[in-house]
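*Asks:* Since the structure of chain A is already known, use the hints to place chain B on it.
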Amino acid sequence: MIKAFRKLVQLLRPPQWGSWQTFICVALGLFLLSLFTADLRREALAIASFASLSIGLTWLGLEQAWIFTPWMTAALALVLIHTLLPFISPSLLMILWPPFAGLLWLTPHCFDVETNTWHTPVTLIRQRFLLIMGVQLLLSCWLQFHFLTQSWLDQYPSLLVDDFQDSFFVAKTIGRDRARPRGVQFLQAISPTVERRLNQQDWRVMADWLNSLSVTHELTEYTQDLLSELNIEPTAEDQFWIFQVRAFPQGDGYDLAWQAQWEGPRSAQARAIDPYLSEMRCAITPTGQMSTATCQAPYVVIRKRTSDSFTDERWWQRLRLWPRGFGRDADDSG
Amino acid sequence: MLDFFSLALVPYPIIVFQILALLVSTAIEAWIFARKLYLPRKFCVQYALTINLASTVAVWLFGFLVQALLPTQSKLFVISYLFFQTLYTFEESWMVNLISVSGVLTIFMIVCLVEFKGIDILEAVLYPEVGDAKEESKQPFWDRVYSAIVQTDTDKLSTIFLANACSNSAILILVLIAFVQWYD
Chain A
1 MIKAFRKLVQ LLRPPQWGSW QTFICVALGL FLLSLFTADL RREALAIASF ASLSIGLTWL
61 GLEQAWIFTP WMTAALALVL IHTLLPFISP SLLMILWPPF AGLLWLTPHC FDVETNTWHT
121 PVTLIRQRFL LIMGVQLLLS CWLQFHFLTQ SWLDQYPSLL VDDFQDSFFV AKTIGRDRAR
181 PRGVQFLQAI SPTVERRLNQ QDWRVMADWL NSLSVTHELT EYTQDLLSEL NIEPTAEDQF
241 WIFQVRAFPQ GDGYDLAWQA QWEGPRSAQA RAIDPYLSEM RCAITPTGQM STATCQAPYV
301 VIRKRTSDSF TDERWWQRLR LWPRGFGRDA DDSG
Chain B
1001 MLDFFSLALV PYPIIVFQIL ALLVSTAIEA WIFARKLYLP RKFCVQYALT INLASTVAVW
1061 LFGFLVQALL PTQSKLFVIS YLFFQTLYTF EESWMVNLIS VSGVLTIFMI VCLVEFKGID
1121 ILEAVLYPEV GDAKEESKQP FWDRVYSAIV QTDTDKLSTI FLANACSNSA ILILVLIAFV
1181 QWYD
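Heads up: the sequence lines are chains A and B, in that order. Taken in order, the first sequence gives residues 1 to 334; the numbers are from the working numbering. Taken in order, the second sequence gives residues 1001 to 1184; the numbers are from the working numbering.
Next comes chain A alone, as it looks inside the complex (with noise of 0.2 angstroms):
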């Protein structure tokens, strides 16, 4: 431990004035200053600290002559531009990155320290910036494509319940279950307006309300009415989604089914299992001459996978390069 310690002493003492050790030891310094300190001084320390950190880890990155320098000294650069404008969207400054790195790579071969004089690289290096900048940027297009799927998906959250197997460009990885469709938000959200619409009433206007109901009902301004007093943020997808509700006779009371379907893009093995589809059941039972309602937690209805409404085909299979009854797949009707 001690040993360590010294260890450490060492690599940091400076050995002259200017030198990379230098302007670490004044980032620690400022930082165990800013550790005793509060409010607006600790936040200006913290800042000054962090950016002679930025001094000090770059000219040990040129000392060391390290390939990943600009890169670092860039992401280093943009969390302290992140710090001071916290305004600028952090998406844009990840995009910024790359390229920015790649600028930082040339600027040591364009720039003259004797004569501190800009001029044009020689040709070598000329033509490993051209390809070290066009990685870069290409690099920010992929994480631009990244970010703008991620705006798609905070306009269509419920989009990630969907099966993206068949897609060319994106991929699940993580939390692949976890996403639940907004459908079952807003049944989750109107249960309790139900409940206390429906309980206590007459039951036999109830009863007649009910029975008027054993077909499917879109009720579209009876939902409308319930969504508009919630406080739920609305999305782009909300368009999408339809409430439908049905009643059937269940002991000597009704059940009450509301479902919410999704009617917007979805991919074809969606179309065969609906993984967009909620429903929330409410028990209505007499109790006396008033009624009683009681709405169970709405949950995710998974479809059956029937042998007719779906086929493990993916869509390339689907494409027919070639006409039906001529090579090897000539048994397949369909």
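Take every hint as true, because none was put in to throw you off.
Taking beta-carbon pairs under 8 angstroms as the criterion, some of the chain A residues facing chain B (in silico):
| no. | residue |
| --- | --- |
| 1 | H146 |
| 2 | F168 |
| 3 | A268 |
Footprint (simulated), chain A over chain B, 3 or more residues, beta carbon under 8 angstroms:
| no. | stretch |
| --- | --- |
| 4 | 1008-1016 |
| 5 | 1042-1051 |
| 6 | 1070-1084 |
| 7 | 1113-1126 |
Quick caveat, the hints were computed from the structure, so don't treat them as lab data. The beta-carbon is built from N, C-alpha and C at its ideal position, and this holds for glycine as well.
*Replies:* This is chain B only, laid out in the frame that chain A set:
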């Protein structure tokens, strides 16, 4: 801190495909440049890789621009296509075919344009001594770049077109071969 960076949906299939496609098209285009433009092989590989990177970036930028300009309803087709490989509400296959063929054609034209101007600019930027007269190399740097942008060489244009047609067809054939192993 990194809550803006969600990894639930990651575009790694397109990244892998693009890296492979870049390798294939660089190899094929470098070979064609070496045959047609009489440049040294090392230059050809560098040229091909650089202009392929440039054209890939240009296609991405074009895509971002188009999706930003699309109205909300049409953006749903794009989302549906990118996520599920289906065109939302377009059931007729001729419509799908029309859209995809025109899209592919547009991308091919962008690639050809960027690569054609790219190779001219590259020659001006990197090797003033290759393939040009001696007095050309005495021109200042930005003059050379400017004249590369303005002047057009039809011979080079046809070479770029041929190289792109070959490399894109090769990638298409590879993709089809990759699908045929499931196609039964």
